[in-house]
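Q: Chains as they are written, first to last, in this note's numbering: chain A, 1 to 130; chain B, 131 to 210.
Where hints are given, some of them may not hold.
To be verified - A partial selection of chain B residues facing chain A, derived with a Cβ cut-off under 8 Å: (1) Ala139; (2) Tyr179; (3) Leu180; (4) Ala183; (5) Glu186; (6) Ala208; (7) Gly210.
As the list claims (entries may be wrong) - Heads up, simulated DSSO-like pairs for lysine-lysine below, C-alpha to C-alpha not over 27 Å straight-line: (8) A:Lys18 / A:Lys67; (9) B:Lys147 / A:Lys59; (10) B:Lys147 / B:Lys170; (11) B:Lys147 / A:Lys117; (12) B:Lys132 / B:Lys170; (13) A:Lys59 / B:Lys151.
What the hints assert, rightly or not - Label-pair distances were calculated between CB atoms; the ranges are: (14) A:Thr54 / B:Ser194: 35 to 43 Å; (15) A:His49 / B:His173: 17 to 25 Å; (16) B:Tyr179 / A:Lys62: 22 to 30 Å; (17) B:Thr159 / A:Pro55: 22 to 30 Å; (18) B:Pro206 / A:Gln38: 17 to 25 Å; (19) B:Thr200 / A:His101: 41 to 49 Å.
Calculated from the structure, these hints are not laboratory results. Using N, Cα and C, we set each Cβ at its ideal position, and we do this for glycine too.
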Amino acid sequence: MSIVKIWTKPLNPTIHSKKLRKNIMAGAYVSFEGWVRQWNKGKKVKELHYEAYTPMAIKEIKKIIDKAKKEFSVLDIHVHHRTGTLQLGEIAVWMGVTGEHRKECFKACEYVIAELKKQAPIWKEERITL
Amino acid sequence: MKVNVLYFAHLKTITQKKEEKIDLPNQSTLLELHQELKKKYPHFLDTPYLSAAINEAYTHFNTSLKEGDTVCFIPPVAGG
């Protein structure tokens, strides 16, 4: 059962990953975290503000997950995304994939984050240090 | 007929609104709604820079609208 959540409070990878670790069919687990970094294209970032069209973003990410599960034969994929104002170093997105083998998990992880960036109605405003 | 239009990101800044109801002739398309909004907000983004969704699903600009639909014009996304 895939989990997709949009949070207004900080993400907690320890808790998120525990929910994926209960499948005894899995032999591999791959996770990805997207962080707020200080420099982007030569500009010094102060903070990032994320907003989402939450119900649609959840639906779109679930569609991406369904496609990834079919295409890469992985067992489960969970995605958690932040909204609101994030400081440097905070986690903007966390995702985890379980499967029988690592190769499929890595491929599915890359696919889901790449498609999320293209399709999910989530926006990021960069606030720069002047 | 009335449709509910949601605004996010740059479009929220331009319209200074999160949402509003717009009155349109029956069976108007998304493109016609966009034209209305462009008249109301001259800085509203043009269609090449937008995607469109009705009731939380992406669709084409030539899709006809129905009474009570929730519409969102989606500026370039940047999640992750």
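Q: So, for every hint listed, does it hold in this structure?
A: Okay, the hints, checked on the actual structure:
Proximity of B:Ala139 to chain A holds as hinted, the smallest CB-CB distance being about 4 Å (cut-off 8 Å). About 13 Å separates the beta-carbon of B:Tyr179 from the nearest beta-carbon of chain A, more than 8 Å, and the hint is not met. Because the smallest distance between the Cβ of B:Leu180 and any Cβ of chain A comes to about 11 Å, over 8 Å, the interface hint for this residue is violated. Restraint check, B:Ala183 versus chain A: the minimum CB separation of about 6 Å is within 8 Å; hint holds.
At a threshold of 8 Å, the smallest CB-CB gap from B:Glu186 to chain A is about 4 Å, leaving the interface hint in force. With 8 Å as the threshold, the beta carbon of B:Ala208 comes within range of chain A, its nearest partner Cβ sitting at about 4 Å, so the hint holds. Because the beta carbon of B:Gly210 sits about 4 Å from the nearest beta carbon in chain A, less than 8 Å, this interface hint is met. For the proposed pair A:Lys18 and A:Lys67, the alpha carbon gap of about 24 Å is at most 27 Å, so the pair holds.
For the hint pairing B:Lys147 with A:Lys59, the CA-to-CA distance comes to about 24 Å; that is within 27 Å, so the pair holds. In summary, the hint linking B:Lys147 to B:Lys170 is supported, as the alpha carbons are separated by about 13 Å, within the 27 Å threshold. Between B:Lys147 and A:Lys117 the alpha-carbon distance is near 25 Å, which keeps this suggested pair within the 27 Å criterion. As the CA atoms of B:Lys132 and B:Lys170 are separated by approximately 16 Å, the hinted pair is consistent with the 27 Å bound.
Restraint check for A:Lys59 and B:Lys151: the C-alpha separation of about 24 Å stays at or below 27 Å, so the hint holds. The hinted window of 35 to 43 Å between A:Thr54 and B:Ser194 is violated, with their beta carbons roughly 26 Å apart. Taking the beta carbon of each, A:His49 and B:His173 are about 21 Å apart, inside 17 to 25 Å as hinted. Checking the proposed 22 to 30 Å range against B:Tyr179 and A:Lys62 shows it holds: the Cβ atoms sit about 26 Å from each other.
Remark: the range hint 22 to 30 Å for B:Thr159 to A:Pro55 is upheld by a beta-carbon distance near 23 Å. In this structure the hint that B:Pro206 and A:Gln38 lie 17 to 25 Å apart at CB holds, the actual value being about 23 Å. Separated by about 42 Å at the C-beta atoms, B:Thr200 and A:His101 satisfy the suggested range of 41 to 49 Å.
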